[in-house]
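Use the sequences and the hints to build the structure in full.
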Amino acid sequence: MYLALAAASDGPVLELACGSGRLCVPLVSAGHTVVGVDRDPDMLNRARAAWATSGAAQSTTSGASLELVEADMTELDLDRRFDLVILAFNSLMLLPDRAAQERVIHVMRDHLTADGRVVIDVWRPTPDDLELYDGRPIEEWARRDAETGEQVSKTTSARYDAASARATVETHFDASRGSEAPHRTSRRDEIQFVSADELLTLVETAGLRPQMVAGDYSMGDLAQDSERLIVVAAGPNPGPNQNDRDGATQSNALKGL
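Residue numbers (this note's numbering): -1 to 255.
Think of the hints as simulated: they come from the structure by calculation, not from any bench. This structure is a prediction, so every number in the text was calculated from the model and none was measured.
The calculated lysine to any residue pairs, modelled on SDA-like cross-linking and capped at a C-alpha distance of 20 Å, are:
| # | residue 1 | residue 2 |
| --- | --- | --- |
| 1 | 152 | 166 |
| 2 | 152 | 142 |
| 3 | 152 | 17 |
| 4 | 152 | 168 |
| 5 | 152 | 174 |
Label pairs and their in silico Cβ distance ranges:
| # | residue 1 | residue 2 | range |
| --- | --- | --- | --- |
| 6 | 203 | 125 | 21 to 31 Å |
| 7 | 47 | 182 | 18 to 28 Å |
| 8 | 152 | 52 | 22 to 32 Å |
| 9 | 94 | 145 | 26 to 36 Å |
| 10 | 222 | 9 | 30 to 40 Å |
| 11 | 1 | 222 | 21 to 31 Å |
| 12 | 135 | 62 | 41 to 51 Å |
Idealized CB from N, CA, C, for every residue including glycine.
Next comes the structure, spelled out in structure tokens:
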């Protein structure tokens, strides 16, 4: 989906909360000019390493480039405009409250070209999903870390507050090598869930114009049981060819996925 959206654009791409490069590196490898923003320098170092070892990084003819910026996405001002601005893979939900979510969507708007688009992508938990958010520990996976040679297991526990649509998630990584005692690394995340109506309100309050609301990465219609909520919106000041671009993007780039 993201490759199709980028292919339908004709300018640079901005990805907020780009993390370790899961999305921005494949976009650059596909020939796009991408700026990735994240406030975590360790994640950005992983993105740099991923890009450095990619085949596209060795090419001098593609014209693509990757620039990584360490910054808080809610306060970002690059003084540049982009044809596509992305906030993917639940990153909106990691912001602490509605005010922060509203700020980042305004940042997305302020970095759009006249004909640009934003795309926001979040998880829609089911009631069954949230039943597990009662504090019980859940082992999500156990595997060998290729970099360190350690055996690592990931365990999470979460508590959900229905009144605020917030959850606190505790994550523990227990790593060990051979007969050594395991050592633990832990983190806590506050998750602010957002419904379709709430996200559309945030988008429209920022002056953006929703174009597509989808429930999966094939851009299928949003349904009651859809696991994803994906909103594609245009900027407040459409360019002269925006109507033509809207139709072409939907029919040629997205519906064909």
